[in-house]
Amino acid sequence: MSNPIDWASAMNTKASEVRDPVKVLAGWYLATFTGAASQHKAKSGNVGAKFPFRLVEAGEGVDLEALAENGGLPDRNFDYVFWLSPDAQFMIRDFALAMGIEGDPTIGEICEYLAGCGKPFRIRAYYEDDSEGRTNSDGSIRSYLRFDNIAAAE
Numbered sequence: 001m002s003n004p005i006d007w008a009s010a011m012n013t014k015a016s017e018v019r020d021p022v023k024v025l026a027g028w029y030l031a032t033f034t035g036a037a038s039q040h041k042a043k044s045g046n047v048g049a050k051f052p053f054r055l056v057e058a059g060e061g062v063d064l065e066a067l068a069e070n071g072g073l074p075d076r077n078f079d080y081v082f083w084l085s086p087d088a089q090f091m092i093r094d095f096a097l098a099m100g101i102e103g104d105p106t107i108g109e110i111c112e113y114l115a116g117c118g119k120p121f122r123i124r125a126y127y128e129d130d131s132e133g134r135t136n137s138d139g140s141i142r143s144y145l146r147f148d149n150i151a152a153a154e
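Residue numbering for the sequence shown follows the numbering used here, beginning at 1 and increasing consecutively.
No lab work stands behind these hints, which were simulated from the structure alone.
Incorrect hints may appear among the rest.
Each pair of labels, with its calculated beta carbon distance range [claimed, not checked]:
no.	residue 1	residue 2	range
1	Met11	Thr106	23 to 31 Å
2	Glu109	Ser85	14 to 22 Å
3	Gly35	Gly59	16 to 24 Å
Note that the Cβ used here is the ideal one computed from N, Cα and C, for glycine as well.
Start from the sequences, fold in the hints, and give me the full structure.
Given below as structure tokens:
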């Protein structure tokens, strides 16, 4: 989160002071990585490189009027995971090549490059309904924000 809070302050926050987060609308965005990759482990045991990123500009498919009414782009980081199994490593390699890395880097060097290059990339935001049919307090089916189709910006 972009605005950390200490325990005492959180405990003294009144319910009337709690604000809803800015909702990410479905569509394409420009984004940038905001830090180094960390290890992410799936339940299956597979490992991935988890990168924090921030949305910097709305693009194709995003309702700009609704985005403005919603408060604009959220002021927070999200995470994107590149899975690192032998069958998936080509995805981070190909993305890094498209982002401008040169030579024959290791996966570790690719992670360092992506975290520090500062170049924008395209990413798609969408919502996926809860696969078990769980509902929100208003009875609607829960949905979860997902990101995919990461690509170098043109």
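* Asked: Measuring from beta carbon to beta carbon, are Met11 and Thr106 in 23 to 31 Å?
  -> violated (46 Å)
* **CB-CB spacing for Ser85 and Glu109 relative to the 14 to 22 Å hint** => Once the Cβ atoms are compared, 19 Å apart, the range 14 to 22 Å for Ser85 and Glu109 holds.
* Asked: Gly35 and Gly59, beta-carbon distance inside 16 to 24 Å?
  -> Between Gly35 and Gly59, where Cβ atoms are some 23 Å apart, the hint holds.
Hint compliance for this structure: hint 1 is the single one not met.
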